[in-house]
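Novice: Got chain A sorted already, so can you dock chain B onto it with the hints?
Chains A and B are the protein sequences, given in the same order.
In case it helps, numbering that gives the first Met the number 0 puts the first sequence at residues 0 to 287.
In case it helps, numbering that gives the first Met the number 0 puts the second sequence at residues 0 to 287.
One or more of the hints may lead you astray.
In this list, chains with the same sequence are indistinguishable; a pair is considered to hold if it fits within one copy or across any two.
SDA-like, lysine to any residue: derived pairs with alpha carbons at most 20 Å apart [unchecked claim]:
#  : residue 1 : residue 2
1  : Lys153    : Lys253
2  : Lys248    : Gln107
3  : Lys253    : Gln107
4  : Lys153    : Thr2
5  : Lys153    : Ile228
6  : Lys123    : Lys253
7  : Lys248    : Pro104
8  : Lys123    : Gln107
9  : Lys153    : Ala79
10 : Lys232    : Val221
11 : Lys123    : Pro103
12 : Lys253    : Gly105
13 : Lys248    : Gly105
Simulated from the structure, these hints should not be mistaken for lab results.
Predicted, not measured: the structure shown is a model, and the values here were computed from it.
Protein chains: 2
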Amino acid sequence: MQTLDTVAAMRQASARFRADGLRIGFVPTMGFLHEGHRSLMRLLRPQVDRLVVSIYVNPLQFAPHEDFDVYPRDPEGDSAICEEEGADVIFMPPPAGDPTGLYPPGFQTRIHVPALDDGRLCAKSRPHFFEGVATVVYRLFQVVGCDMAAFGEKDFQQLTIIRRMVADLEMGIDIVGGPIIREDDGLAMSSRNAYLKGVDRQRAVSLSRGLRAMQGALADGVTDAAALIEVAKAELEVDALDYLEVVDKDSLAKVGEVTRESRAAIAAMVGRTRLIDNVALVPRGAGS
Amino acid sequence: MQTLDTVAAMRQASARFRADGLRIGFVPTMGFLHEGHRSLMRLLRPQVDRLVVSIYVNPLQFAPHEDFDVYPRDPEGDSAICEEEGADVIFMPPPAGDPTGLYPPGFQTRIHVPALDDGRLCAKSRPHFFEGVATVVYRLFQVVGCDMAAFGEKDFQQLTIIRRMVADLEMGIDIVGGPIIREDDGLAMSSRNAYLKGVDRQRAVSLSRGLRAMQGALADGVTDAAALIEVAKAELEVDALDYLEVVDKDSLAKVGEVTRESRAAIAAMVGRTRLIDNVALVPRGAGS
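Here chain A stands alone, though its shape is the one from the complex:
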């Protein structure tokens, strides 16, 4: 496994792989890797010849008041995990502002998917977040030159936006969604779970409990989205609910009645930590 820390080195490695006819798989991450990231590596490993994992805390997707500066970092732990999962390359671009980095000097361009972003779900409280995500993913795809890339379904809106961008810009990359990996008690894995201490760690479980309760109610025949949302709310032990919605799985538009496969998505503050989670809502008879 090699660690590459400039865009030029990554481009060179990628060009070599491609010249050799090798298929490149890619897992972009912000580091502080956990089982969720491992599962994405395992998903791609058997389908590609070379597996690249990037570790980059992307400043474009953080607002000034957010946790960019304190986002958890663990380069050695991350390397060990990548090695264990059979990655061939760890790509660690230098920080923004470095001329050898992802954003050339004076970089200003943004990639944006307004219909899946503006005012929807996480964009309500993080208005420039997905613009930052789409832009960094675009740049990473360019530099890594991958044939296939994996993203966790935990960031469902992100996955939907990336799929749309790749289709619209004809990037020719297979986007694979990996199922959410959970702790034994149901909490969706996240690097930000490291912030949860004491009772907050217990209360954090109420997000997945609420979503599971919605699935249960749907299985019992409740299809009205507002009623399903009330079922979940009864479970929540959070400090502030950012959103709890039932949306179309492709357009992310709000759904009034669950007549076909939809997505229930939640974001909430537990203590000072913002957590997100989501589940599929598949009505009886709609298949899976």
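Specialist: Same frame as chain A, but now just chain B:
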């Protein structure tokens, strides 16, 4: 000269040119070609092996109340001009919504350069205009596969945004700016000049007269931007002034005093026609 009217056909032609090692030059237009467009073709023709001109009235850059439906069109006249100027290919993508067109079904992605756009110059009255422009130009560049492309300095903000996008996304395309081509009386050439009738045609000249007066005052030693703007305003015979500003030629930020090469830019309504124009402001001793 061949006329190609699907994305697939253009891609195929481009791939053939590239396989033959030919250098491709590109002039994107919205048709209704005039001397300004001709000048861009003449600029590229000697520098490339194959010259492609696109004609596409891009719906993404029009607001609902704007003139998309009535934008002047003249496919036969355009073909004749392209032929005269030695173009090898006219690329006329089908209208948006057509699955063989520039925007695949469900297309939602936008390319945006907020720092050069939001709230600046033309973006004040046309908030999504440059997002539409950058997006269509990105798609055209992808499909045409050009090495070099020419844009008129008349659309100075557009040119600045395209340069930034191409640099940021490392598109590897030389962007050439072509000087503004003017009628004998100074009116900057524009397809929209076709809308100007009678006295409005005369009054339209006041934009370039105002800008020239600014250059004269600068040559006389006036460097204060506000004072220069007043000099130009005294010349204007317009129905509504959208903006008249002195801006940095790279950042498009307002300039208070012209101590290095800057740009004076104007947009105004003459009758119901929106016209734009701009000139370089080069202070004495700053070179050109």
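Novice: Does each hint fit the structure? Answer for all of them.
Specialist: Status of each hint after checking the structure:
1. In this assembly of identical chains, Lys153 and Lys253 lie within 20 Å of each other by CA distance solely inside one copy; the values are 18 Å within and 44 Å between copies.
2. In the homo-oligomer, the alpha carbons of Lys248 and Gln107 lie at most 20 Å apart only across protomers (16 Å), although the nearest pairing inside one protomer, at 31 Å, exceeds that limit.
3. Taking CA atoms no more than 20 Å apart as the test, Lys253 paired with Gln107 passes between copies only; the shortest distance there is 18 Å, against 32 Å inside one copy.
4. In this homomeric assembly, Lys153 and Thr2 never come within 20 Å of each other (Cα to Cα): the closest approach is 27 Å inside a single copy and 47 Å across copies.
5. Taking identical chains as interchangeable, the C-alpha atoms of Lys153 and Ile228 lie at most 20 Å apart only when both belong to the same chain, with a minimum of 19 Å there against 54 Å between chains.
6. With identical chains, the CA atoms of Lys123 and Lys253 are at most 20 Å apart within one copy only, with a shortest distance of 14 Å there and 32 Å across copies.
7. In this assembly of identical chains, Lys248 and Pro104 lie within 20 Å of each other by CA distance solely across copies; the values are 17 Å between and 38 Å within a copy.
8. When the C-alpha separation of Lys123 and Gln107 is checked against a cutoff of 20 Å, the pair qualifies only between copies, where the shortest distance is 19 Å, while the shortest distance within a copy is 23 Å.
9. When the C-alpha separation of Lys153 and Ala79 is checked against a cutoff of 20 Å, the pair qualifies neither within a copy, at 23 Å, nor between copies, at 56 Å.
10. Taking the closest pair of Cα atoms, Lys232 and Val221 come within 20 Å of each other only inside a single copy of the chain (15 Å); across copies the shortest separation is 67 Å, beyond that limit.
11. In this assembly of identical chains, the alpha carbons of Lys123 and Pro103 never lie at most 20 Å apart, being 29 Å within a copy and 28 Å across copies at closest.
12. Taking CA atoms no more than 20 Å apart as the test, Lys253 paired with Gly105 passes between copies only; the shortest distance there is 18 Å, against 38 Å inside one copy.
13. For the identical chains of this complex, Lys248 and Gly105 are inter-copy neighbours only, at 14 Å across copies versus 37 Å inside a copy, given an alpha-carbon limit of 20 Å.
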